Amino acid sequence: MTDRNRVRPARRRGLAEEVADRIRDAIFSGAYAPGVQLRETELSAALDVSRGPVREALVRLEREGLVRSAWHRGATVTELTPDDVGELDSLRGALEQLAVREVLARAEEPDLAAVDDAVRAMETAATPHEMVACDIAFHDALYAAAHHRRLAEAWQAIREQVHLFLLTRVNRSSEGYLAHVPAEHRGLLAALRAGDAETALDLFADHRRHAFEVLSDEAPRISSARRGGPDR
385 MTDRNRVRPA
395 RRRGLAEEVA
405 DRIRDAIFSG
415 AYAPGVQLRE
425 TELSAALDVS
435 RGPVREALVR
445 LEREGLVRSA
455 WHRGATVTEL
465 TPDDVGELDS
475 LRGALEQLAV
485 REVLARAEEP
495 DLAAVDDAVR
505 AMETAATPHE
515 MVACDIAFHD
525 ALYAAAHHRR
535 LAEAWQAIRE
545 QVHLFLLTRV
555 NRSSEGYLAH
565 VPAEHRGLLA
575 ALRAGDAETA
585 LDLFADHRRH
595 AFEVLSDEAP
605 RISSARRGGP
615 DR
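Residue numbers are given in my numbering: position 8 of the sequence shown equals residue 392, and the series is strictly consecutive.
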């Protein structure tokens with residue numbers, strides 16, 4: 385076998401993965417808000433690592449959609465544009481419709497119990513950021529209950545961006561958020577347990593609609609303000 389036919393040795397990526405985890409957690413906790421610049425030198429000092437793993441981590445997070453890079457600004461936490469909001473909402477809706485139908489057709493009691501556990505966790509969430517994490521855990525359990533591998537992979541591909549979507553929503557308006565989310569998700573679970581496809585699909589659509597309306601109302605005004613235009 386010639387050298388060019390051999391498989392090259394694998395590189396160890398553990399440190400870069402850990403750095404990515406730390407930065408991701410900081411974004412989701414609100415420590416790094418959308419639009420904040422992520423400077424390699426500052427991150428490497430804070431994490432006590434060289435700039436190489438930080439650079440790899442930022443590339444990984446950019447693939448996930450949490451970070452955007454531009455030559456004149458470097459890496460920043462993603463700010464969702466109106467187009468981003470619309471695309472994420474429509475794609476999430478398409479995936480959720482299939483997930484709900486598959487859960488109704490294939491889920492067993494242990495699967496629904498895992499969804500129930502996610503709802504119960506919402507009742508102890510003390511902050512909007514914690515509640516968003518619980519909301520994502522609910523959807524993780526939902527997609528697992530569908531027993532559809534490729535659907536689960538499609539969810540994983542947009543999961544972090546949906547997390548950012550929901551964080552952006554609570555950053556814009558969190559009034560009543562902690563109070564209504566657990567009850568709303570109990571209603572979603574009840575419809576799944578009842579096997580009522582029409583009601584379940586309608587409730588999931590309503591669940592998505594409110595977040596979309598908050599973001600779609602606010603995003604154009606914020607963009608206009610940044611351009612120096614009128615705040616309509």
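Don't read these hints as lab results, they were simulated from the structure. This one's a predicted model, so the numbers in the text were calculated from it and none came from an experiment. Where is the CB? At the ideal position from N, CA and C, for every residue including glycine. Just to be clear, a hint being listed does not mean it is correct.
[As the list claims (entries may be wrong)] Derived DEER-like restraints, expressed as beta-carbon distance ranges: (1) A589 with P466: 29 to 39 Å; (2) R556 with E471: 11 to 21 Å; (3) S557 with R447: 24 to 34 Å.
| When the hints from earlier in the document are held up against this structure, which numbers fail? | Hint 1 contradicted; others consistent.
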